[in-house]
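Those protein sequence lines, which keep their order, are chains P and F. For the first sequence, position 11 matches number 11 in my numbering, and the numbering has no gaps at all. For the second sequence, position 107 matches number 1107 in my numbering, and the numbering has no gaps at all.
Calculated from the structure, these hints are not laboratory results. Treat the hints with care, since some could be wrong.
[Stated by the list, open to error] Each pair of labels, with its calculated beta carbon distance range:
{"no.": "1", "chain 1": "P", "residue 1": "K77", "chain 2": "F", "residue 2": "A1060", "range": "23 to 33 Å"}
{"no.": "2", "chain 1": "F", "residue 1": "D1036", "chain 2": "P", "residue 2": "V40", "range": "19 to 29 Å"}
{"no.": "3", "chain 1": "F", "residue 1": "A1087", "chain 2": "P", "residue 2": "A73", "range": "17 to 27 Å"}
{"no.": "4", "chain 1": "F", "residue 1": "T1149", "chain 2": "P", "residue 2": "K80", "range": "40 to 50 Å"}
{"no.": "5", "chain 1": "P", "residue 1": "A34", "chain 2": "F", "residue 2": "G1112", "range": "13 to 23 Å"}
{"no.": "6", "chain 1": "F", "residue 1": "I1150", "chain 2": "P", "residue 2": "G104", "range": "30 to 40 Å"}
{"no.": "7", "chain 1": "P", "residue 1": "A34", "chain 2": "F", "residue 2": "A1087", "range": "21 to 31 Å"}
All of these numbers come straight from a predicted model, not from anything done at the bench. Note that the Cβ used here is the ideal one computed from N, Cα and C, for glycine as well.
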Amino acid sequence: MAEPMKIRASVKGDDAEVKCLMNHPMETGLRKDAKTGALVPAHHITNVTATVNGKPVLDAQWGGGISKNPYLAFKVKGAKKGDKVVVNWVDNTGDKNSAEAAIG
Amino acid sequence: MNILRRNVLKGAGAAGAVSVAMAAGLLKPGMAFAADWNKAVFESKDLGSVMGAVGGAGAAAGDISVKAPDIAENGAVVPVEITSNIAGTESIIIIGEKNTQPMLAEFNLSNGAQGFISTRIKMGATSNVRALVKAGGKMYTAAKEVKVTIGGCGG
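Please work from the sequences and hints to get the whole structure.
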């Protein structure tokens, strides 16, 4: 089961900045195991979505080229203190995770 | 022993949640979100075909800032920040020109999301980090070279 993800959102000027840190190995499928020489199967996040008060703001597709334990930050104009931000991800094995935070 | 028991309980809880979601019709078996993942582009190893597929071939230079280190000691974790000052920015694509799989990520923005993305990428070799921005049906681009001392693709 996926580890919890960290999310923090705060208002900066006209925008709210959302930062999140996900726990994921992000295997590209191209790396060889140092001991056995066999390819490590691909295991990475493929889709990330975010909503503010239920309205979609971000819809992303990722490859294995995003670093392990991915960091993501984005900005939303017009979001206010107390608005609810939800970030979801799903990986190529169908595993998924979600976190929410109120903008502070 | 206790740890094992806890894992078993945790696993059971997770399976329970999934089956509830399925019963509620939220999740159709066999259908994952990955269905709308552009496998052909992400797994392509040819920069030219990736650029063609995402519409970056004829992109004009635009007011985009690509912030990344000049030299990345560890290619496995290269912080990248992309800011598009182009009005009506709809999506941001990040490409590592010399990565085995050049297509790194695509971000579609809506409902007030600004032309700003900050993340961390892997880089296999010294090359350009290229940003493509779609705004008003047109493509714009900017790039920054990052020197990589140790590749991050573990090859």
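Evaluated hints:
no. : hint                           : result
1   : K77(P) / A1060(F): 23 to 33 Å  : holds, 25 Å
2   : D1036(F) / V40(P): 19 to 29 Å  : holds, 25 Å
3   : A1087(F) / A73(P): 17 to 27 Å  : holds, 21 Å
4   : T1149(F) / K80(P): 40 to 50 Å  : holds, 44 Å
5   : A34(P) / G1112(F): 13 to 23 Å  : violated, 46 Å
6   : I1150(F) / G104(P): 30 to 40 Å : holds, 38 Å
7   : A34(P) / A1087(F): 21 to 31 Å  : violated, 49 Å
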